[in-house]
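Novice: Produce the complete structure using the sequences and hints provided.
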Amino acid sequence: MSNVSKIGDRVHRKEDRRFLTGTGRYVDDLQLSRCTHAHFLRSPHAHARIKGIDTSKAAASAGVVAVFTGKDTADAKVGGLICGWVVKDKHGVPHKAPGHPAIALDTVRHVGDTVAMVIADTAANARDAADKIEVDYEVLPAIVDLTKALSAGAPQVHSDVPGNLCYDWELGDKAAVDAAFAKAAHVTKIDVVNNRLIPNAMEPRAAAAEYDRGTGNYTLHTTSQNPHVTRLVLSAFVLGIPEHKLRVIAPDVGGGFGSKIFIYAEETLCVWAAGKVGRSIKWTADRSESFMTDAHGRDHVTHAEIAMDKDGKFTGFRIDTIANMGAYLSTFATAVPTYLYGTLLAGQYTTPAIHVNVRAAFTHTTPVDAYRGAGRPEATYLVESIVSKAAREIGVDPAELRKRNFIAPTAFPYQTPVALTYDSGNYVPIIDEAMKLSDYAGFGARQSAAKAKGKLRGIGISSYIEACGLAPSAVVGSLGAGVGQWESAQLRFNPTGNVQVLTGSHSHGQGHETTFAQIVSDKLGVPMDQIEVVHGDTSQVPFGMGTYGSRSLAVGGSAIMKAADKIIAKGKKIAAHLMEAAEADIVFENGTFKVSGTDKNVPLAQAVFAAYVPHNYPIDKVEPGMDENAFYDPSNFTYPSGTQICEVEIDPDTGVVEIVHFVAVDDFGNIVNPMVVEGQVHGGIAQGVGQALMEAAAYDNATGQLLSGSYMDYTMPRADDLPSFTLGYKTTPCPHNPLGVKGCGEAGAIAAPAAVMNAVRDALAQVGAQDRIEMPATPQRVWAAINAR
Amino acid sequence: MTISVSMTVNGKAASGNVEARTLLVQFLREHMGLTGTHVGCDTSQCGACVVDVDGASAKSCTILAVQAEGAKVTTIEGLAESAEKLHPMQEAFREHHGLQCGFCTPGMVMSAIDLVKRNNYQVTEDIVRHGLEGNICRCTGYHNIVKAIVAGAASMKAAGV
Ligand code: FES
Ligand code: FES
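Chains A and B are the protein sequences, given in the same order. Going by my numbering, the first residue of the first sequence is number 1221, and it counts up by one from there. Going by my numbering, the first residue of the second sequence is number -2, and it counts up by one from there.
Please note that the accuracy of each hint is not assured.
[Unchecked claim] Simulated pairs of lysine-lysine, DSSO-like, Cα-Cα distance not exceeding 30 Å: (1) A:Lys1623 / A:Lys1226; (2) A:Lys1234 / A:Lys1786; (3) A:Lys1234 / B:Lys82; (4) A:Lys1226 / A:Lys1790; (5) A:Lys1793 / A:Lys1841; (6) A:Lys1623 / A:Lys1656; (7) B:Lys114 / A:Lys1234; (8) A:Lys1310 / A:Lys1403; (9) A:Lys1403 / B:Lys114; (10) A:Lys1790 / A:Lys1234; (11) B:Lys154 / B:Lys9; (12) A:Lys1623 / A:Lys1394; (13) A:Lys1656 / B:Lys144; (14) B:Lys9 / A:Lys1394; (15) A:Lys1530 / A:Lys1394; (16) A:Lys1277 / A:Lys1297; (17) A:Lys1297 / A:Lys1271; (18) A:Lys1496 / A:Lys1465; (19) A:Lys1226 / B:Lys82; (20) A:Lys1530 / A:Lys1403; (21) B:Lys144 / A:Lys1226.
Treat the hints as calculated values from the structure; they're not laboratory data. Here the structure is a predicted model, which is why all the values come from computation and not from measurement.
Specialist: Shown next as structure tokens:
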């Protein structure tokens, strides 16, 4: 059979043709009939009381259909936006969940907070009208500095959240950690800031809502990574539209990186208002709005200490972190600095006692939530920074110190002291391969050569672990998640033998239309061009959880495998009947049912046809049709691991950091499409390098203004900021999912910040400046570190 | 108050009545239905909107539609010879996995073609990296885009386009 692909093949992507010819369909590309356009008036202040709003001039402005304020949504009983994960503090008390109205009622709490919605015949008219709304603000003091947010006397973000403390959470055995420190031969201490980032998917968020008066049905086209979750939240918590009357479609989506998981005010309001005005409404963020309103990422300040014995074995690790929630809780904000961070602090090491304390604080800033890696980059940055610092302090090579403390390959499943059970891994061959690819042994000579030219060369290692493939529903449920974390799949064969693969996960760049088709092609022998992967439409695909946490292949791909098993099982019954053989004698190979030991065979397509035209059919044993559903709930997280080694050269006169070599060696378990995996790693590394050297969401401490609110001020990595990357793989298959896969979407972003910063610190150590640098290590900061007195 | 504009878009005459403030990208997307040209920013930084205007690449978010009066405009939709035969640069992006979400892609491909022509079909990795300064991609880390453009330059030369 032509055009059959195998798992592991470098298959070119099926989706590329439309993207390359400009025929993709993103939300803003939709042209709905009689469509109106929304514009949102944004707060110019970080914190202010709204004393009054006069919308009369706006309402009378050209083309305006409606103007809504917080009073209108409150009167209509539009619910507030919710946080879907309940974190309990160290006393078992649930986190503080202050109200988050879609349109501010009497107080605005961050620059960009929604103040009013204008709907007009054109986007330009809506914008013009919004300019005519008069808002009487009483500007109030704002707190944006995370280190001061929990201090006495800080301005209060919510009157019902005393001291701005959302929760005070801990994990691990404090007494055991204290005992380890009491006996330590050496203790290394570190303070790190994990800088706030703005995700910046290149497609801005957008929503287009339709209301059908005849049926009372709503349709929302939106830039979502998880359309069913959006529907569920809008239906059950915010708008009260029954789930079966609301269809959510996430068509082609231009990147997400977490920022399109969440349920935001704008799409909520477009759906509500479409019903209210009885016309379609479209809204597309401009980039400035994206900067102010897309959930930001990271933003931790941490003090940590690690205890070692005389051999450099880690004996105890204590961590104290403050995490920024922003002004309101975004959809999964509470989980990120707790269950996606604290649980990863063992890293790849056997540290027997770990205790982490996390205090989450409200500030007058944009809400913070999951961004590529979500908690795991923060954990990896901390662990890998302190390990390299410890190595320097005790005079041991950082690679050697890591190896001394790695969990042995024979120790799996390995129970860490911070709740997780690592299922598999083999860390030494990975770091060895990374050292080989980076010519680690030859670094000293390169450093001397650089020195002779007046340059500071440094090398940095980052060995990461992540828990992904989110996740066993029972586990996340016990930790406070408001949703399950299984995934769905449906294999819907058509009478002519081609097949639609319906998946509950969503692709916004990951290439599922190709990789999921590869799984089906490999497993069922169906040619690639006979397979269509369908995703992103709640009216077409079974309820699914969507794409985030590197879960699509591990969980969604596994669901496809389960559905394929059901197809084979049914096909065997049909084939046995057609060949007048016993079902037990039927084997399925290369897309064909065979009677073992004979040359009798029935291709799958023939069995499918028989199932739809069941004239000669075992109707007493099987139903007609070939259409199978499966839901897969994993038994554990997956644990990708790897080591990155970065080499930098710093020009001490300018502070410019140049990455001269970047190596990543990963264990993602089995790989379905190496080409796609490489692309994911490249993109992740670029975002990690961006965090380390360029990107920072900067707020003015006095006014709370977002200083980095456009591409003029927020430094996005560009082609000439980055090198090409050297990649390698070592594989230990995941033992608990049918594909043996672990997930690769976040690894690059998780490991890279520490690899880069360890290299920068290593370079700066030559002038004693290694402890004076924080991310992003911009030229100005590097120069200042070198020249500090 | 509207103004009438006419230009040639992808080889065909195109005209319409637009507001004076209508950008070329809005004319292409909203009036012509050519939604392959994207808008990724509001400060002329991202390059998602790049098209060819009279033989040179231009950010269509930075030109008023009326400024393109009489111009010959080529968009991403006008590149491929046919549904089966992509432009060599499009083909190179596919071959080298130079795209993920596809949002930056039309602008990348249009910039790449201009970059290759400006450099007389002789491009190195370094030239490409510097030449792409006006285009942002958040997905690919540029590694494969750079590879694609270097390869695409060679196939453009070979194909004489
Ligand atoms: S949309 Fe034109 S440069 Fe960003
Ligand atoms: S492919 Fe997504 S922004 Fe470039």
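Novice: Please write out, lowest number first, the hints stated earlier that are contradicted by the structure.
Specialist: Violated hints: 1, 9 and 14; rest satisfied.
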